[in-house]
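Participant: The lines below spell out each chain.
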Amino acid sequence: MKKLKLNIIGLCLLLYTSCEKYLEEPSDRSFAVISKLNDLQALLDHNSMAIAPKAGEASADNYYLTDTDWESLSIEQDQQTYIWASENVFQAGESTNDWSNLYRAVFVANTVLEEIESMEKTDRNASQWNDIKGQALVLRAVSFLDAAQIWSVVYDPLTADREIGIPLRVKSDFNIPSYRADLKETYNQINHDLLSAIPLLPPEGIAKTRASKGAAYGLLARSYLWMGDYANAERYADSCLQINSELMDYNDMNQTVNNPFPSRNIEVVMERRASLGMLMAVGRAKIPQEILDLFDDSDDLRRTLFFREMADESIAFKGFYSSSALIMSGVAVDEMLLTRAECAIRQDEIEQGIDDLNRLLEKRWKTDRYIPIVVTDKQEALDKVLLERRKQLLFRGHRWMDIKRLNREGAGIDLKRRLKGKEYRLTANSSRFALPLPDDLLQYYPD
Amino acid sequence: MKRLLQRYLHIFQLFAVIIPASGQQDVKGLVYGKGDGRPIAGATVSLRYGDQQVITGQDGLFTFVLPVNQKEILISHIAYDQKLLSVSTTDTSLLRIGLHEKTALIEEIQVSTGYQTLPRERATGSYSHVDENTFNRQVGSDVISRLETTVSGFAVDRSTSAGNRIQIRGINTLSPSMMGPLVVVDNFPYDGDIDNINPNDVESITVLKDAPAASIWGARAANGVIVITTKKGRFNRPLTLDFHSNVRIGNKPDLSYIQQISSDDFIDVEQFLFEQNYFNSQINSSNRPALSPVVELLIKRQTAAPEEIQTIDGQIERYRTQDVRNEFRQHMYRHSLDRQHALQLGGGSETMNWRATLGADNNISTLEQRADRYNIRLSNSYKPFSTLTLNSNIAYTYRKNQNGKKGYGEVGKNNQYIYPYARFVDDDGRALSIDRDVRSVWAESLAGGNLLDWKYYPAEDDRHVLNRRSLDDIVLNLGVNYRLLKGLELDFKYLFERQLENGENRYGEQSAMARNIVNRFSQIEQDQSVKRIIPEGAILYLSDGRQQANNLRLQANFERSWHRHELYALLGGELRRTTYRGGTHGLYGFNDKTLTFANIDYTREYPVLNGSVTQQITNYDGRSETRNNFVSYFANMSYTYAGRYTLSGSVRRDASNLFGLQTNDQWNPFWSAGLGWKLSEEAFFKNDDVPYLNLRATYGASGNINPSMVAVTTIAYIGTNSYTMGPIANINNYYDSELRWEQTRMFNLALDFRTKNSRLSGTVDFFFKKGRDIFGPALLDYTGGIGTTKTKNVAGTAGKGADVDLKGIAARSRNFEWSVNLNLAMVRDRVASYNLSNKRGSNFIGTTSSVNISGVEGRPVYSVYSYKWAGLDPQTGDPRGYIDGKVSNNYAQLTGVATQLEDLIYHGPANPTLYGALGNMLTYKGLSLDFRFVYKFGHYFRRQSINYQQLFSNWMGHSDFSRRWQSPGDEEWTDVPALVYPTAANKNAFYAGSEVLVEKADHIRIQYINLNYNLGSILSNKGTVIKSLALYVNAHNLGTIWTANKKGIDPDHYFGLFRTVPPPIYTLGLRVGL
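Protein sequences appear in the order of chains A and B.
What the first sequence shows, in this note's numbering, is residues 1 to 447, in sequence order.
What the second sequence shows, in this note's numbering, is residues 1 to 1074, in sequence order.
Rather than coming from a laboratory, the hints here were simulated on the basis of the structure.
Every value quoted in this text rests on a predicted model; they were computed, and no experiment measured them.
By construction, the Cβ of each residue, glycine as well, lies at the ideal position given by its N, Cα and C atoms.
A couple of the hints might just be wrong.
Under 10 angstroms between C-beta atoms, here's a sample of chain A residues computed to sit facing chain B [claimed, not checked]: (1) Gln41; (2) Leu73; (3) Gln79; (4) Gln91; (5) Arg104; (6) Phe107; (7) Leu247; (8) Asn251; (9) Asp252; (10) Ser263; (11) Val282; (12) Gly319; (13) Ser430.
Kindly produce the complete structure, drawing on both the sequences and the hints.
Facilitator: Listed below in structure tokens is the structure:
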């Protein structure tokens, strides 16, 4: 009897003391509270962090739809997007769209930036610690940069502090209302994040899906190019090219296949991919004749590597830098060469710019058939480089911003869509070049 | 004592036989139960006037010496209604005396809370009790489905989701995952699959409905508890053997219930779309989507010669007369056949008892899916001393499920919908193909025909597919009960459960699924040869899981009565740990003869044939492991004074490793208190017409938390990044400093009564509930990065209602009885407060696949709203609504910002507010007829109609199409919009959510009819070994007998698209007892 009582008391004590341990065991082995640098790296390595928006390319002039193509779009918002409608371009309540994808990445980046501060940096882990922080900064910057491309007008130094930018979220707490910054703040934030990341990052990442020093330089070049700060754009494009400069020789590519270019090829510095969606799906999106006409020289390999003829004899694009029908909009060597060339010419370093152009085109034409361009006139040189930019960076996520920034410089590019006898127009420098926000969110952003 | 008395009486009888006194008479008789025909042992046979009495033996027989001038004898037994009998002095044959089981045994019913068994009379809480008899009047191989018609306040929600959620007394929370009740089997929460339990093993079920439920069982019990007690052996029982067997045959489902567009109309639409060049983008698409046969013919027709055109047109005309439902009827569906056998053996001596049951269920569904279940259960009790009882209970279940054919809604595009003129088998009995994954015309043109056949053969594909799931479940219960002192017992209980599950999905080499994947990744070389990345062969998906539970409970029970006081108390603690470990595995190119398989490089991307993307081959390998730990302390007491006044209370504290990281936050107290007053015992009340009247009330507080929510940011590792080769993770829970427990308070007031002779008895409960800090989706600006909603403590709820459970005897005569049982539940739940940040109308409409939780103050949790309807446009036949009071056809605005909550029409709740069942039982001698109606009133549902977007792109049409607007004037008699191309999603969404499609859901159905014939009493008369024998026939799923909607729609079987009503099932059964 006594023994029994003792046993009971013993059991109760045991229950009590082991309770805390027992209750603190994680309930799911695959769940973890963020505690290690590797946890943060695993978050950044998630494939969805590299998803780029498609609305810019979808709104640009690299393709067109026939009436029946347009009518057969099963999602009305795709039809709306095509005609640059000012509302209803996002499906209601849709939780995976361009906006949510970008801001989801911003949230993860912010979480990583907050969590990493609570982790001790030691001699042993310093390089990983720095690397992760740098990656998170680049992820936030590139997400903001993509957002600014789509939902705000072009940066103009004279008006940037009066133009509406994008919501800048720099804290992970989702309860904090979003703050929609002006355009100047927007680009300041982007450039600041990228500049802070550069000293932290290794020159090249272990995979092209991760940000690297080269990627940060490349994005800075892109940002400054969009701002019209050509000196800085040239400087950072050059820094990027110091690390990554190899070009593919298009002569080595198989012209007969549907996706001639491998993904993460040597030109890719940092990979980001956008889907074509229903609008730009191969078979639906058709390449306008005026673009095809740019590739009239039979020695230009891009004529056969970029395009294919469909069953109905229309021409579709196939030159994606991703071995799939996906838009690779990340930083790449060809882009950097074209940016450096353009910026050099704009700053009167014409020869230097033309050299870059020739260096690129030599690898785009049949071997030994390319005759290097020789130009001395600045405007002519600029026209040449912009023409090659248009040709080389088809479906690479650049055209939408290029139209906007070139119009700022007075290019006067008007966009037109023809459907069922009706013409839709987007005139140069229209405020509608800043695409509409999701209607669900208008209540949060009344202006 | 009883034995002694019996022995004494036997001696007395002996004397009586030897020395028959003159004028005295021997009366021989058999006492049996009218319900089951079994002899009743221990019934008292006594003189009406006088104190002479005998007790019936195990065989129910008695011999009684009737004194002179005495003719009336009284037969009584604790569980049966007393019977007064006038004995004829001339008749010396055996008297056969059937006793009715006491109906509404309010006093005698023992309810089990899982922690204690107590007389219903002493409980102040609302416990519904279902005894074995009532339970067994329904057939079917699962336990839960039998409760819907027998427990008041118990409902299966078939209106708001396809999940058939159980609701006890309405809804307390706004999170669907937190709405279900807790199931307890033999004293412990049951973590296995509830379908493992053989209903033949069930002795009784108690449903705990009010506040004490949660204060006894903790957080998981906030929505009620279902306590299942299995049959155990009994002390002092001779060996008994029972055998039960039944065969159930079910009809094929009635496919004419499906409102499918006619083939004629569908082909007209296809021709129309073809003329609009609608299919061009599909024809040109690099995904090569499958096209219907008519579209293929129309493509061919464009370039065909005149004579060919005639053949093509003839073919199309033939298609118009075909109906795919006939194909399903003939080649897919069959009659279902279920067989159930159960054998039970038991016995007991003074110190030991045992019971063994064996069960076998073999079910073949209307789609030839097989489900087999075998149960073995062995329970034992041993009482070495009067103070010590040892119990053990071992149950083993083996289940096996196997796939069958595909039913309506499982064949075609996305394995869902098919053009209505499809045929599965030709006139010669050969299986026909359909294009499902790609256009076969295109596939056959590739690589010189070297690809695998890329077509799908609905009638025979199931022969190449084997989806099997097997489950082994073992439950071990051990119990030790030791009486320490008089009135004080120590109770130790332990449960171990292990459930092993194995799944195998084998898509054979010839299956459409395997051929599709092999083809998709095939690479066509320059010379047209085919290089297969995934080699030919079967694709095998395997899954395994091991669920294990350990429960340990230590409890002290105290029970003492002195003078006019009675006190019962229990105090205890419990530890509980459940673990799950499981995984999935996939093999490609599997050869089941050699057990070899292909090595797959999951990291590489390959271009796919039908598409312009490169893809990785899906890797199915994965592991998961979870463990949940719980610690609980609880106490429970009840005190009764003078047999009239009862005061009860219970408290419990729970903690688990789920609720967060801080131990302090994990503990949550639950409590309840109750009062009982047996009015019928009061001198001022004493009334022979109402011998029992009891008032009781409970009040208590409980909490609930969603186990998937923790108060910290957590990440989940989900796989490997194929570029970095490192692990990848996502954030699956977001830190929310405001996370709190849901708080629910419930008040229950009830009245139990019984009139003289149990003519009418019943229980009426009124309850009031209030919830605070209820979890609900809070709308977010998804710029925050975590989606459009986040579950937060946002709402308050309130509910009230009543449960009525009445049993009465409508007519009774010597051989005949008609008893009636009425269950009635009234529930009104409403959202008391909710901080809604977005009141856009479309958020409250829902879709055909869900009813949204509306979260509108003052309205039910699930409400049916609709768009105001302005009729069809007389010019175009387009639907129209109102914006700012003006007729509009701007659908983006109508379904967007222009329609706010206050612009919508509120119809009513989606769940019934008044529901229950009405049972009738007619007994004539050994024959009894039992039938039950189920009714649901006060709710609404959304009818489906034509959705042109689905019609165009998914082969999915509704028969309303034939009633569409076609020319001006049609708007006078129809609300079905015109066929217009192109169509817009918003337009279809507006029509689908409009008021013209909302219907009242009220209906009455006849749930089952049961005819039982008891031969037992006849047999035992002849001295055979068979003690009882009953035969029964049963028909259930008999459908509705009245619906408020006059469109032939059964609102309980309408949720989701193209559902059919469960077909009637007929059962023939036999029960034998030895």
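Participant: Which earlier hints can't be squared with this structure?
Facilitator: Going through the list in order, the structure violates hints 7, 8, 9, 12, 13 and respects the others.
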